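Number of protein chains: 2
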Amino acid sequence: MKEKHTRLYIPGPTEVKREIIEAMNEWMFGHRSGTMTDLFTTITEDTKNFLGTDNHVIVLSASGTAFMESTVNDLVDKDVLCSTCGSFSTRQAQIAERLGKNVDRLDYEWGKAVKPEDVREALEKKDYDAFTCVMNETSTGIRNPIEEIGDVMKDFPDTMLLVDAISALGGDYIDIDKHGIDVIFTSVQKAFAMPPGLAVCVVNDKAYQRSKEAASGSFYAGLAKNIDYYKKKGQTPSTPAISLMLAYKAQMKRMLEEGHKGRDQRHKDMASYTQKWAKKHFEMFPEEGYWSQTVSTIKNTQGLNIEELRQGINEKYGLLFSNGYGKQLKEKTFRIGHMGQHTLETVKELTDIIEKEAGL
Amino acid sequence: MKEKHTRLYIPGPTEVKREIIEAMNEWMFGHRSGTMTDLFTTITEDTKNFLGTDNHVIVLSASGTAFMESTVNDLVDKDVLCSTCGSFSTRQAQIAERLGKNVDRLDYEWGKAVKPEDVREALEKKDYDAFTCVMNETSTGIRNPIEEIGDVMKDFPDTMLLVDAISALGGDYIDIDKHGIDVIFTSVQKAFAMPPGLAVCVVNDKAYQRSKEAASGSFYAGLAKNIDYYKKKGQTPSTPAISLMLAYKAQMKRMLEEGHKGRDQRHKDMASYTQKWAKKHFEMFPEEGYWSQTVSTIKNTQGLNIEELRQGINEKYGLLFSNGYGKQLKEKTFRIGHMGQHTLETVKELTDIIEKEAGL
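Order-wise, the sequence lines are chains A and B. First residue of the first sequence: 1, per the working numbering; consecutive thereafter. First residue of the second sequence: 1, per the working numbering; consecutive thereafter.
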């Protein structure tokens, strides 16, 4: 591997350390061998320890999108309420519709956060099998108050809370068990800072039981399917991405050393620095009080040519940040991913260069 | 990477060459970058070229099992006929049932092949949205006559032919387009000899259209979902397993050099050698005339302790073959995977050692 490369400040895939990539330099082995059981039980139990949860953990060879699909397929018989506040939460609603479920939407303007009192109001009006909510809307840089939403939902025990935490988990502390979050999932190429291709889903007993008893549901990313196989054999029902799991094991070791709260603090520091910087030169795009801890979406109040700026900085310095998401926000905002293995220093390195190159 | 390692003669994961594993030694890059488009269009188009097909090709970050699920979810509205002749074809029926489809089974005893005339008879009796068939039943070592089944099904144009070719494709020549195979899929850790974590699905226009127009279906492994995104952007809808795709590109280059027919011939030679050897010392387990070209399932007519033998050979020589599949066949049969990058020489190396260690 060359030393020189484009360093990623996009909101995923994030920078992966050289030694984590090199952990994949191992020969293949059988997925029904003791070596596999060792590897898979290690990464599963390490993840439970890192997150501090007593719930079931599934590590699946797929993107987190697979869990956006299988959780609805396994846990929603008929009606699901989907909160939408940006591109990825809208995708969750589309996936549920594609599965043929009855989808009601709790819609928010892009940049606004989901409010616990709105959730309560909607759930009081109609019975739903599940409510879906994104923890961190990568397209707008909103961090939804998942903890308070979880607490509200304790009054609606028949409605499952399904949380897409794809760009948050591992970089933004959450006490999953305390707030009664039935299902929460992520992809590993975000705040976990691993090579993409694996997804993690944390499932409590209530959701596991419903998945087990459901008349229909998913298989490959199915909750009970994967949990039962793990309980019985410590392995995966289908052949997993062995190389990626070797990288996972190596990086999860680093994550355990830093700890869930340690990583949270580092991300807090990076976020608060970036927000201060953004307010000095621009404005923050999302609603105040709900700014993401892992990705800052910044309003292009200076009328900069974002695409030119980011390509120029990439070519000259080898640092890549992100433009706004989708046609609507592409030039109106830009995004700095401060997640995974980034530090205050590496984030400052980028903002200094943006200042210089944009003449701020 | 150490030189010494256990060399795999199990029916997947198969041996992966050192340089293919080392092709993963690259820094991450954005999944919406030009680098990604280059990589993904290269591996997709190379796969079409290798297979000699004009159909759509999807390379997905998942195991082939994901396609066992999404093809049924996208293409079966109500009724599906599943042929079962071993563990993996039975799993296909279970997946369809889990999805809530009406499943009829065309059952065969383990070790027997699916017969085209039986398929005709069943399809004449009832209308089905799809018929599922495994090309190579890894549990029993049966190679089903997919080509003839495809020809029969030309008389039933409303019934899609869905072929699980997980342990065959790339090691057993098939003219997909000529025999009107609507959907055929595989996992890359079998005859493609790549690290596990990716699956390939070949979809003709008829299946693509039905997937596009279906009222409900899959998203992550959805056929139209993936094909449309590729057509529009040359990328994947969700973040893919970048590292594994780098390995894919490197190995597909080797595969193109050898060619579909070249690989077929090498596998033919390995299979026919192994069958001759098996008949000399044991008996073949599956029905004559339908022996797999990639995995030989051999009857333990010598009453050997298979588990002891295979572990002993693994420890002493570092070569690992497989016992029989499932409780039923575990000690009654054993399996030699002669697929992927194996050669006549490496297969002979194993059979010589078995002879010696079993005192044949």
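Simulated from the structure, these hints should not be mistaken for lab results. Given the structure is predicted, the values throughout are model-derived calculations rather than measurements. The reader is advised that the hints may include incorrect statements.
Note: identical chains are not told apart, hence a pair may lie in one copy or across any two.
To be verified - 27 Å max Cα-Cα, derived DSS-like pairs, lysine-lysine:
{"id": "1", "residue 1": "Lys-231", "residue 2": "Lys-268"}
{"id": "2", "residue 1": "Lys-327", "residue 2": "Lys-212"}
{"id": "3", "residue 1": "Lys-332", "residue 2": "Lys-232"}
{"id": "4", "residue 1": "Lys-332", "residue 2": "Lys-233"}
{"id": "5", "residue 1": "Lys-231", "residue 2": "Lys-316"}
{"id": "6", "residue 1": "Lys-126", "residue 2": "Lys-206"}
{"id": "7", "residue 1": "Lys-231", "residue 2": "Lys-125"}
{"id": "8", "residue 1": "Lys-280", "residue 2": "Lys-178"}
{"id": "9", "residue 1": "Lys-125", "residue 2": "Lys-253"}
Which constraints among the numbered hints does this structure fail? Numbers only, ascending.
Result: hints 1, 5, 7, 8 and 9 break, sorted rising.
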